[in-house]
Amino acid sequence: MKRILLAEDEEVLRMLVVDTLEDEDYVVDEAADGMEAVQLLKDRTYDLIILDYMMPGYTGLEIIEKIQSSEIKTQGKILMLSAKSQQFEQDRILEAGADYFMAKPFSPLKLIEKIEVILHEAESIHY
Amino acid sequence: MEKYKNSLFGNIKNKLSEWLELEDAQTIPGQEVFRFLHSIKGTAGTLQLCGLMSITEQLLDEMDEESDRLWIPSDLRNFLFDLIEHTYEYEHFDEIEIKGKPVRNSQAPLIQIIDDDISMLILLKDILEEQGWMVITNADPVKATNQYFEMQPDCLILDIQLPAKDGFQILHDIHVHNEKYFIPKIMISIQNDKHTRIKAFKMGADDFIGKPIDIDEFIVKMERHIQRKRIFDQSVLIDELTQVYNRRFLEDTLPRHFNDYKRSGQSFTISIIDIDHFKRVNDQYGHAVGDFVLAEFAQFIKSNIRSSDLICRYGGEEFVLIFPDTSNEQAKHKLTRLIKDFSTKEFIHEGQAFSITFSAGVFTVENEHVTPKEALEEADTSLYEAKRTGRAKVESIQQTRFNKKSLNVSVIDDDIIIRTILTKELRSLQVPHFDLNIAVYEDGPSFLNSDRAKEDVGHFLILDGVMPIMDGIEVLQEVKQGSNANFYTVLMLTGRKSTDDIAKALKLGADDYVTKPFSITELKARIERLLTKLI
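Sequence lines, in order, name chains P and V. For what it's worth, UniProt numbering labels the leading residue of the first sequence as 1, then goes sequentially. For what it's worth, UniProt numbering labels the leading residue of the second sequence as 1, then goes sequentially.
Quick caveat, the hints were computed from the structure, so don't treat them as lab data. Some clues are possibly wrong.
[As the list claims (entries may be wrong)] The following residues of chain V were derived to be distant from chain P, with all beta-carbon distances above 12 Å: (1) F81; (2) A108; (3) K143; (4) I190; (5) R228; (6) V236; (7) D252; (8) H277; (9) D325; (10) I339; (11) G458; (12) D471; (13) K504.
[What the hints assert, rightly or not] Computed beta-carbon distance windows for the label pairs: (14) S85(P) - E2(V): 21 to 31 Å; (15) K42(P) - E474(V): 53 to 63 Å; (16) E116(P) - E130(V): 48 to 58 Å; (17) E130(V) - L109(P): 35 to 45 Å; (18) E121(P) - A25(V): 47 to 57 Å.
All values reported here derive from a predicted model rather than from experimental measurement. The beta-carbon is built from N, C-alpha and C at its ideal position, and this holds for glycine as well.
Taking the hints into account, I'd like the entire structure generated from these sequences.
Given below as structure tokens:
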């Protein structure tokens, strides 16, 4: 079973995404801010890490920095969520080290589709 | 999705309440506000709440993410008002309900119901309001009779069996008024025998409906009565030649405008207009052409003023205009425009073209001591001045003083969102020459212990029926037992299902009630109506 970390400070959106992912039989750990996310990342590994761009504690980018600098060791793919949907913002986020990007607002179904593609890609590289 | 939407709005409401309840000395960092709006926007989009998304988007556009601004609560309240209102509306309505329900405005036909059977009263009020009419109710016959004279409803529904004074006695009391004004009066009664019916009709009832009432038939009958009232108002008092109101109508209606002004302080403007050199038209082209010009002139004016404005033929080629809620400057501006436009109109008689001009005298009523007669004289003097100084123009002699009356308006509600919305709406009310002194209280005791509760000035109270600590009924009771009870006009906000509360409120002397949830537009119309009519 795939394990996903979801770091998103907006409670209702987090609820919605968690419920949707759990319906698809993923195991989901939730973090309500950057601090919680970092703590969880230190404790275990994930197949996919979904980070909100703007969060209290650490922002999504700051968490990526920590991963890049090996302060946190993780193998998982990183999907960044952001309402900053302009191309240069997207490029900046991908350059900083996120593997994927999803613009807010998104429909839960699209998110599931995207996650399936990501995890499938990850598998095909593996084998 | 419903679950997530409710949670989202719940969270928004909590956050807003938290901010709105802060003291003015405290501040809220702009970045916190920005983050809050930003995250709502994202979630709103995902949940397909388009209205919410566009409101937050707009607010974000007006903000600067990096700014170090610190908001004081009152500024933030203004800034976030659309969001506050939207949250209220989401909480209290689903969209279907809003669409299905006509929103009443302050021009809607006004129906008065007098019945001591409270559940019947509530039922009829609900049914009639669903038709888009405004309903005032009263269980106390003495108070109701006063209200009848003050409000002059478009239709009266009257139960025969009442305590203290029965329906027949009320008919008798308003008998004098009936001779001059046509207001359809519908008697309802459980006593449906021939003798009672005949007595009702003999005493001036226009209709008799036995209880139990058949709702469908009742609605159709009411529609007819209101329609007849409208047609009557328009027909008997209309000048045959020009098809505008006649002098008799003016004489009937003018005192009413003055009474309204005394109650509301809402100034209005009277104008006398007169066609220039009308005698020459008659002499040169004959009386038939003269009549044609008169009729054309009246129709021109009528079709170029607002529906709330009035034109009456005063005599000969002289007409009186009444512009409610209009300042001297506005009326002058409007008339200048009309004079200019009318002068370009071409009349053709036997191949010969000619044009006509008119002059106007204007007088604005903003002083309680002016009588209708004096006002017309003043306007006439101004008209003379316009004629004397060249014609085809407007003149006015303006009064210099008026007395501003003070009116306390207090809102008592434990819900910060409702308090915030009402405060803002009350501030935007157009009640000129009234000093609206608005204050809000979150519970009964803090109002009752305040100094203003005891002041001997007009007091308009908007009171939530259900509150912790002390509920609205108890507050109403205290107010109505106070030494200055007569200064109070009370509008109760009650739950839809709480028949007992409505009954208690009316018995205790509430002047009106609105059931929750209410639309803001509608509540505003009701407040405006009560403010202008009752006070």
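Exercise for the section: Would you pick out the hints that fail for this structure and give their numbers low to high? Expected result: none
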